[in-house]
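Fit chain V to the known structure of chain L by using the hints.
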Amino acid sequence: MSDIEIEIDGQLVRANQGDSIINIADREGIEVPRFCYHKKLSVAANCRMCLVDVEGVPKAQPACSTPAANGMKIHTKNDKAKFAQKAVMEFLLINHPLDCPICDQGGECELQDVAMEYGSDVSKFNEGKRIVPDKGIGALIQTDMTRCIHCTRCVRFGAEVAGIVEMGGTGRGEGVKIEPFLTEGIQSELSGNMIDVCPVGALTSKPFRYEARTWQMNAVQSVARHDLVGSNIYTQSYRGKVKRVVARDNDSINETWISDRDRFSYEGLNHESRALKPKVKIDGLWQETDWQEALKFAIDGIKNNANSSEQFGVLSSKYASLEEFYLLQKLARNFGTENIDFRLDQAQLSNASSLESTITLSEIESIDHALIVGSYTRLEQPMINHRIRKATLNGASVNTINSKKFDFNYKTGLDVLTSPQKLRATLQSVLKAIHNKTNKDAPSFLSQVSPEDIHNKIADDLIESKNGVIVLGEHLNSNLDSIAITSLIEQIASAADLKIANITLSGNSLSAEKVGFMPDEKGMSAASMFNESTKAFLLMDVDLEYDFFDSKSAQDCFNQEDVFVVALSSFENQSLLNGADVILPMASYYETSGTHINFDGQAQSFSASVKSPGDSKPGWKIIKVMADLFELEGFDYIDSTQVKEQALQLSRNKSSFKDVDFENFDDSQITTHWQYTPYVTDSVTRRASALQKTNIGMIDSAFVSEATAKKLGIGNDDLYLGVPVSIVDSVAEDYVFVHTNQARKA
Amino acid sequence: MISNEAKKEIDFWVSKYPEGRESSAVMQALTIVQKENGGSLNSELINDVAEYLEMPAISVQEVATFYENYNHKPVGKHVLRFCHNISCMLNGSDELISYLEDKLGVKTGEVSKDGLVSVKKVECLGACVGGPMCQIGDQYHEHLTKDKLDNILENLT
Chain L
1 MSDIEIEIDG QLVRANQGDS IINIADREGI EVPRFCYHKK LSVAANCRMC
51 LVDVEGVPKA QPACSTPAAN GMKIHTKNDK AKFAQKAVME FLLINHPLDC
101 PICDQGGECE LQDVAMEYGS DVSKFNEGKR IVPDKGIGAL IQTDMTRCIH
151 CTRCVRFGAE VAGIVEMGGT GRGEGVKIEP FLTEGIQSEL SGNMIDVCPV
201 GALTSKPFRY EARTWQMNAV QSVARHDLVG SNIYTQSYRG KVKRVVARDN
251 DSINETWISD RDRFSYEGLN HESRALKPKV KIDGLWQETD WQEALKFAID
301 GIKNNANSSE QFGVLSSKYA SLEEFYLLQK LARNFGTENI DFRLDQAQLS
351 NASSLESTIT LSEIESIDHA LIVGSYTRLE QPMINHRIRK ATLNGASVNT
401 INSKKFDFNY KTGLDVLTSP QKLRATLQSV LKAIHNKTNK DAPSFLSQVS
451 PEDIHNKIAD DLIESKNGVI VLGEHLNSNL DSIAITSLIE QIASAADLKI
501 ANITLSGNSL SAEKVGFMPD EKGMSAASMF NESTKAFLLM DVDLEYDFFD
551 SKSAQDCFNQ EDVFVVALSS FENQSLLNGA DVILPMASYY ETSGTHINFD
601 GQAQSFSASV KSPGDSKPGW KIIKVMADLF ELEGFDYIDS TQVKEQALQL
651 SRNKSSFKDV DFENFDDSQI TTHWQYTPYV TDSVTRRASA LQKTNIGMID
701 SAFVSEATAK KLGIGNDDLY LGVPVSIVDS VAEDYVFVHT NQARKA
Chain V
1001 MISNEAKKEI DFWVSKYPEG RESSAVMQAL TIVQKENGGS LNSELINDVA
1051 EYLEMPAISV QEVATFYENY NHKPVGKHVL RFCHNISCML NGSDELISYL
1101 EDKLGVKTGE VSKDGLVSVK KVECLGACVG GPMCQIGDQY HEHLTKDKLD
1151 NILENLT
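Protein chains in written order, with the numbering used here: chain L, 1 to 746; chain V, 1001 to 1157.
Calculated directly from the structure, the hints in this document are not laboratory data. Be aware that a few hints might be false.
Unchecked claim - Taking lysine-lysine pairs in the PhoX-like style, the calculated list, with each CA pair at most 20 Å apart, reads: (1) L:Lys177 x V:Lys1073; (2) L:Lys658 x L:Lys499; (3) L:Lys135 x V:Lys1073; (4) L:Lys59 x L:Lys77; (5) L:Lys86 x L:Lys124.
Only chain L is shown next, with the shape it has when bound in the complex:
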């Protein structure tokens, strides 16, 4: 490993040949000032701040781009180094406005810190300073480009990490400006990281602007719950309100990046529709009341309406914490019902857990081939997509089988367009091709299948890959044939020796599966509960318009006179007021302790960052008290850690897709797939106003091919289920791909 010895500031250090000096100094805790160097980005060496003295070299050398060699003697703090660093600092400050008192970066600014150390208190420069007019780059990032020192970290971030080159340095010499080509706003789903990498106040958070000074805030380590990754974050709060979320380093999970959804969703916490007081509906009128009354009303209502325990159903969104899932299923089971589910948006449900992933986040980086099935990965799971992108930079190839050609931030090879109803046939064809090529006997249900050319090519790539993965995405959820498809994916993976990355479920779904928040064979699943037989419901963080696959029948059921609905919810909206009979205000993200289980199966716990507003209470406490009021046994918890310990002892039931019956499936109908933009996936994000104003947040189009549009009798800019139609040729036939921020209507 360490093959050379060098000396930094008199300290003998072992290092690898070719390591940069700054890298070694960082490891040894020797401070070298820098602006353009960033450990996750390429070396630009354009700020010159990290100049150090290397003995024997006449001029000071940039530590970031000078590789260490055996016997090198480096001084980072002698007169020569200091003189060089101070000179650079003086140049950098010539055009910097020094408006720190009104700059949001003040207090956490690398330029400010380094200027304290290396800057002069008097400037020799009397000429006018450069001013750069701001063009604006969207709703998330505030630009003050006069403050820019041209380190190009944001430019390199776009090119190297986000994969969308948006920022660039135009002009030359003193006239250089860092700006995007378009002023319509940044397109990337990871754009907020530019704020983190910017060493000065040129790029700051727009929603956070002038909200608080950085040193006034209270930072708490937390975990983002919006996707399967569980990115590590700090929440920063001021006077009891979360004011900002920034990334926390964790190399095996999110490296140093977080998605815009994780970063800006906190805004939703302070939305005006927060549920702040317990409420009950008496004779159709809502009344605010206290907790005692509301709980009594809720318990009595459930007991009176559910004549037998099987008439009680419990539903949750996929974003609750492990502890909440555990307690709520325990409450339901002790109550005597198996009608438990979190898979509200799935079209076809079984009693089995979802297909198990067989790869970890960091392993994805080293794959050599990926086949993506039914997924707009970039928007669904930004950080997982980022890992796939890193693999492609190392030479991995990617093929897709999707219903529309999506905009990935890496090159895809073969793109097979398949509508959801034809997906089974396509996968069968690929599976058959693999069997043909590997000279294995194909199972009998494939006897009639003869693979097309492109399916043979897909199969070739799968077989040839040594370290391939098949990625199964969110689109599966609304596929009426999902069980057969999952089975085929599993068979393809085993026939071609592939790893599986199942990203169909998001949020904290893996916690829900771990504690069995789903019915066994006696119970009803979310898809079958809305019939005559369920008379009382307990909902946790459920949005009646957005969350259900068939929201109309769900709402119709809840709205019935003789159906009693208790809602634990952080927010109120009209549909909830219509459907519910009791609203128990629940703490939201960052307001309660809990645990998230991520793609790697890692359980990450977090504590509450702020107190929940109004009278709202943490979900796990509400459930515990309800269980006590039901006089159920086994709910003597003092804190959520005890709940967590019990929950973690459970293990998800096995997923089994081995003996799926491939009976006939009707694939003749035109189908519609409804995909949400990433910024309406959960109740908090949906209310985060800045995210909604981004290019991604405003996506609202029903994509359809020309032939299908003709069949449906729709044209460009017509409304299809309330969504503007866009006729394109990159979408499968007999199929409408609705990509929207509107609530599901199909």
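Chain V only, in chain L's frame:
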């Protein structure tokens, strides 16, 4: 839009670079497109070049704003590219530029009313021995004086 002729010319330059390095031809492409557009570029054309060479638009913009030989505002039929670097400056280029501005009634970077001439200050053109100098089209004009300039302007049509 890039015309088919222009595309053919660009393809010639693209063919000089290895496959996958099409973006190396960006400077020639911009020159060709600029010439076709009467001597200047606009963001639409920059976007077109980016699409044609499969580059991010901002990368093309970076090149187009870095080099002096691309104009981002409409120019006159003839562009007087006046050197204002050290040798020319010491030999009185500033004076000649002011003289030109007064005579034409326009500032550097603007187009004369008849659309015939615009003046642009550029960096060293490598003809220091003949300073002060300017470039018009492909022609260098050296050892300039006010009289010589008058003469040159009279002959521009």
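Each hint, compared with the structure:
no.	hint	verdict
1	L:Lys177 x V:Lys1073	18 Å, holds
2	L:Lys658 x L:Lys499	17 Å, holds
3	L:Lys135 x V:Lys1073	19 Å, holds
4	L:Lys59 x L:Lys77	15 Å, holds
5	L:Lys86 x L:Lys124	13 Å, holds
Violated hints are absent here; each numbered hint is respected by the structure.
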